[in-house]
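Kindly generate the complete structure, drawing on both the sequences and the hints.
There are 2 protein chains.
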Amino acid sequence: MIVLNKIVIFGTGLIGGSFAAALRKAGAVRQIVGIGRTAASLQRAKELGLIDTIGTSMEEALHDADLVLLSVPVAQTESVLVAIKPWLQPQTVVTDAGSIKGEVVAAAERALGEKFAQFVPGHPIAGRELTGPDAAVADLYVGKKVVLTPLPQNAAASVARVADAWQQCGAVIHRLTVEQHDAVFAAVSHLPHLLAYALVDDIASKPHADLLFQYAASGFRDFTRIAGSSPEMWRDISLANQPAILNELDAYIAQLARFRALLAQRDGDAMQTMFSRAQQARSEWLRSLEEAEAQSQDRKQ
Amino acid sequence: MIVLNKIVIFGTGLIGGSFAAALRKAGAVRQIVGIGRTAASLQRAKELGLIDTIGTSMEEALHDADLVLLSVPVAQTESVLVAIKPWLQPQTVVTDAGSIKGEVVAAAERALGEKFAQFVPGHPIAGRELTGPDAAVADLYVGKKVVLTPLPQNAAASVARVADAWQQCGAVIHRLTVEQHDAVFAAVSHLPHLLAYALVDDIASKPHADLLFQYAASGFRDFTRIAGSSPEMWRDISLANQPAILNELDAYIAQLARFRALLAQRDGDAMQTMFSRAQQARSEWLRSLEEAEAQSQDRKQ
Numbered sequence: 119m120i121v122l123n124k125i126v127i128f129g130t131g132l133i134g135g136s137f138a139a140a141l142r143k144a145g146a147v148r149q150i151v152g153i154g155r156t157a158a159s160l161q162r163a164k165e166l167g168l169i170d171t172i173g174t175s176m177e178e179a180l181h182d183a184d185l186v187l188l189s190v191p192v193a194q195t196e197s198v199l200v201a202i203k204p205w206l207q208p209q210t211v212v213t214d215a216g217s218i219k220g221e222v223v224a225a226a227e228r229a230l231g232e233k234f235a236q237f238v239p240g241h242p243i244a245g246r247e248l249t250g251p252d253a254a255v256a257d258l259y260v261g262k263k264v265v266l267t268p269l270p271q272n273a274a275a276s277v278a279r280v281a282d283a284w285q286q287c288g289a290v291i292h293r294l295t296v297e298q299h300d301a302v303f304a305a306v307s308h309l310p311h312l313l314a315y316a317l318v319d320d321i322a323s324k325p326h327a328d329l330l331f332q333y334a335a336s337g338f339r340d341f342t343r344i345a346g347s348s349p350e351m352w353r354d355i356s357l358a359n360q361p362a363i364l365n366e367l368d369a370y371i372a373q374l375a376r377f378r379a380l381l382a383q384r385d386g387d388a389m390q391t392m393f394s395r396a397q398q399a400r401s402e403w404l405r406s407l408e409e410a411e412a413q414s415q416d417r418k419q
Numbered sequence: 119m120i121v122l123n124k125i126v127i128f129g130t131g132l133i134g135g136s137f138a139a140a141l142r143k144a145g146a147v148r149q150i151v152g153i154g155r156t157a158a159s160l161q162r163a164k165e166l167g168l169i170d171t172i173g174t175s176m177e178e179a180l181h182d183a184d185l186v187l188l189s190v191p192v193a194q195t196e197s198v199l200v201a202i203k204p205w206l207q208p209q210t211v212v213t214d215a216g217s218i219k220g221e222v223v224a225a226a227e228r229a230l231g232e233k234f235a236q237f238v239p240g241h242p243i244a245g246r247e248l249t250g251p252d253a254a255v256a257d258l259y260v261g262k263k264v265v266l267t268p269l270p271q272n273a274a275a276s277v278a279r280v281a282d283a284w285q286q287c288g289a290v291i292h293r294l295t296v297e298q299h300d301a302v303f304a305a306v307s308h309l310p311h312l313l314a315y316a317l318v319d320d321i322a323s324k325p326h327a328d329l330l331f332q333y334a335a336s337g338f339r340d341f342t343r344i345a346g347s348s349p350e351m352w353r354d355i356s357l358a359n360q361p362a363i364l365n366e367l368d369a370y371i372a373q374l375a376r377f378r379a380l381l382a383q384r385d386g387d388a389m390q391t392m393f394s395r396a397q398q399a400r401s402e403w404l405r406s407l408e409e410a411e412a413q414s415q416d417r418k419q
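These protein sequence lines are chains R and Z, in that order. For the first sequence, the numbering used here gives the first residue as 119, with consecutive numbering after it. For the second sequence, the numbering used here gives the first residue as 119, with consecutive numbering after it.
Hints were generated in silico from the structure; no laboratory data involved. What you are looking at is a predicted structure, and each value in this text was computed from that prediction instead of being measured. Careful, some of the hints might be misleading.
DSSO-like cross-link-like pairs, simulated, lysine-lysine; straight-line CA separation at most 27 Å [as the list claims (entries may be wrong)]:
| # | chain 1 | residue 1 | chain 2 | residue 2 |
| --- | --- | --- | --- | --- |
| 1 | R | K324 | Z | K262 |
| 2 | Z | K143 | Z | K164 |
| 3 | R | K124 | R | K262 |
| 4 | Z | K324 | R | K263 |
| 5 | Z | K263 | Z | K324 |
| 6 | R | K263 | R | K124 |
| 7 | R | K263 | R | K324 |
| 8 | Z | K262 | R | K262 |
| 9 | R | K324 | Z | K324 |
| 10 | R | K233 | R | K203 |
| 11 | R | K203 | R | K324 |
| 12 | Z | K124 | Z | K324 |
From the structure, some residues in chain R lie toward chain Z, with a derived Cβ separation under 7 Å [unchecked claim]:
| # | residue |
| --- | --- |
| 13 | K203 |
| 14 | W205 |
| 15 | I321 |
| 16 | L330 |
A few chain Z positions that, by computed beta-carbon distances, are all more than 12 Å from chain R [what the hints assert, rightly or not]:
| # | residue |
| --- | --- |
| 17 | A235 |
| 18 | V277 |
| 19 | F341 |
Think of the CB as a built atom: it goes at the ideal place given N, C-alpha and C, for glycine as much as any other residue.
Right, here's the structure in full:
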């Protein structure tokens with residue numbers, strides 16, 4: 119096991135705080151420095167033992183760091199990297215936890231210039247409904263996927279260092295290209311979020327919204343759970359992954375138009391075929407998801 | 119408390135079986151007769167003590183019955199009512215548990231003719247992922263809504279008998295017109311189901327579906343949970359509530375077109391406003407839902 123001497127975490131909430139807690143629990147790091155915009159949140163992270171020190175000077179924080187994790191809103195990536203760059207030593211590897219990669223990579227290239235190769239983009243697929251340092255838990259990433267989208271410029275050892283750190287957290291490493299990543303998440307994450315927001319807003323804007331909400335039940339609650347997410351974050355993701363999301367949205371609108379035609383023609387057989395195909399695909403997916411989770415739990419034990 | 123002498127339940131699965139279990143637990147019925155298409159399921163309902171006897175002759179089953187509940191697929195309502203009609207005595211009230219009401223009422227009018235006034239339409243808003251008699255539980259309806267859509271032809275005492283039975287199960291009675299009911303459920307239940315089926319089918323039909331499903335996570339799982347529902351049932355509901363669903367689907371497609379325009383123009387402010395409105399409306403709804411559930415639990419105790 120590689121033990122990191124020092125890591126610096128920008129943003130010590132759920133994602134960054136859980137990374138810290140997991141590495142600490144694994145004994146995979148000696149010193150953790152936290153940096154963030156909110157003093158209270160950093161103080162809390164320190165009280166909880168997630169971080170050892172609160173970084174006040176960028177120079178001191180980054181001195182002799184092995185690894186830097188950015189767990190900040192995607193739209194802040196560039197400004198954080200600009201602030202880091204002057205103090206970024208050659209042996210330090212920087213990674214992030216952003217849920218889109220194309221814009222993050224572009225921001226990193228602009229911000230880091232000749233130090234761009236030190237940036238290894240990453241995306242842990244894990245979350246909870248809660249946020250902030252109090253939500254951080256050491257087992258958040260156990261059995262979860264972390265997608266790395268290494269750049270042609272990255273040294274193999276830099277990618278390995280990031281992969282190893284996430285594996286110490288219990289995560290399973292996947293690799294995609296930046297383009298694959300953004301297309302995949304536009305389909306299975308970004309589009310569903312936007313559809314859920316759109317449905318709730320559609321209902322809320324009707325004159326008889328109160329009556330409608332009175333009869334919304336558990337199916338509606340689950341369907342719209344992701345519409346409880348942060349509006350700022352989803353504005354940023356929508357803008358950052360706009361081309362891929364537009365593609366997926368257009369495909370979905372075309373799918374709804376096909377379904378509308380079947381319904382207008384009262385074509386019960388074709389509708390049932392579509393519902394069955396969906397039900398079947400979903401149940402196969404759930405089965406493989408459960409198998410994969412069981413396997414990774416076994417590996418962990 | 120009114121104690122019913124005899125009730126007859128068509129379909130002794132989750133909905134009918136839980137109705138039986140709840141009335142039995144409340145001591146609100148002396149004899150329960152079960153009728154259904156599947157001998158094994160009826161036998162199981164009897165073993166579980168949900169029903170006292172399996173009805174074999176329609177005449178005998180309906181003789182001196184106070185209440186008949188149809189918990190069969192909506193599309194079977196008419197044929198069951200046609201079979202009942204010759205043996206339906208004047209003092210017997212018939213109700214149903216169908217999730218649409220317009221087509222059910224039309225079917226009842228065709229099937230029952232001069233006995234139509236004995237039919238009081240109902241819709242319990244409760245469910246579980248499981249089905250069949252083994253899924254039936256006595257507390258399924260505690261604190262849940264049952265929507266009655268009484269007809270102008272119904273005698274007040276008939277409506278009261280149905281309402282009282284559901285109240286004995288712990289349910290809260292709501293009243294809507296048939297048209298209100300079908301419009302409301304098209305918006306908050308039928309449309310979300312169709313959107314979830316459409317999304318899963320859209321993804322499953324892509325050439326790289328396997329890659330996509332690999333990265334679908336808990337948000338996707340909750341969003342598509344309702345796409346695990348019975349395809350036959352949703353074909354029937356789609357056909358039975360077609361006009362109201364087309365209305366809601368058109369409104370939603372228009373909403374997506376508006377959102378698409380904002381995204382294409384990269385109008386982050388307007389997107390964030392929409393997301394915030396939705397997030398806010400959902401969190402208010404959840405709060406009122408929790409309050410209502412807490413209140414009805416209090417009333418029950």
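Right, here's what the structure says about each hint:
For the given pair, R:K324 sits about 25 Å from Z:K262 by alpha-carbon distance, which is consistent with the 27 Å threshold. Taking the CA atoms of Z:K143 and Z:K164, the gap is near 15 Å; set against the 27 Å cutoff, the hint holds. This hinted pair checks out: R:K124 and R:K262 have alpha carbons roughly 24 Å apart, not beyond 27 Å. This hinted pair checks out: Z:K324 and R:K263 have alpha carbons roughly 22 Å apart, not beyond 27 Å.
Of the pairs offered as hints, the one joining Z:K263 and Z:K324 is violated, with about 40 Å between alpha carbons and a cut-off of 27 Å exceeded. Simply put, R:K263 and R:K124 have alpha-carbon atoms about 24 Å apart, close enough for the 27 Å limit, and the pair holds. Restraint check: the Cα-Cα separation between R:K263 and R:K324 comes to about 40 Å, which exceeds 27 Å; the hinted pair is violated. The hinted pair formed by Z:K262 and R:K262 fails the criterion: a straight-line CA distance of about 36 Å is larger than 27 Å.
For the hint linking R:K324 to Z:K324, the alpha-carbon distance of about 34 Å lies beyond 27 Å, and the restraint is violated. For the given pair, R:K233 sits about 8 Å from R:K203 by alpha-carbon distance, which is consistent with the 27 Å threshold. Taking the CA atoms of R:K203 and R:K324, the gap is near 50 Å; set against the 27 Å cutoff, the hint is violated. A threshold of 27 Å between alpha carbons decides the hint, and for Z:K124 with Z:K324 the separation of about 54 Å lies outside it, so the pair is violated.
Hint status for R:K203: violated, given a least beta-carbon distance of 26 Å to chain Z, over 7 Å. With a cut of 7 Å, the hint placing R:W205 at the interface with chain Z is violated, because the nearest CB-to-CB distance is about 31 Å. Of the supplied interface hints, the one on R:I321 holds, with its beta-carbon coming within about 6 Å of a beta-carbon of chain Z, less than 7 Å. Evaluation of the R:L330 hint against chain Z yields a held restraint, the C-beta minimum of about 5 Å falling below 7 Å.
Non-interface status of Z:A235 relative to chain R is upheld: no Cβ of that chain comes within 12 Å, the nearest being about 26 Å off. Residue-level check passed: Z:V277 sits 19 Å from the nearest beta carbon of chain R, beyond 12 Å. With a minimum CB-CB distance of about 5 Å to chain R, Z:F341 fails to clear the 12 Å threshold, and the non-interface call is violated.
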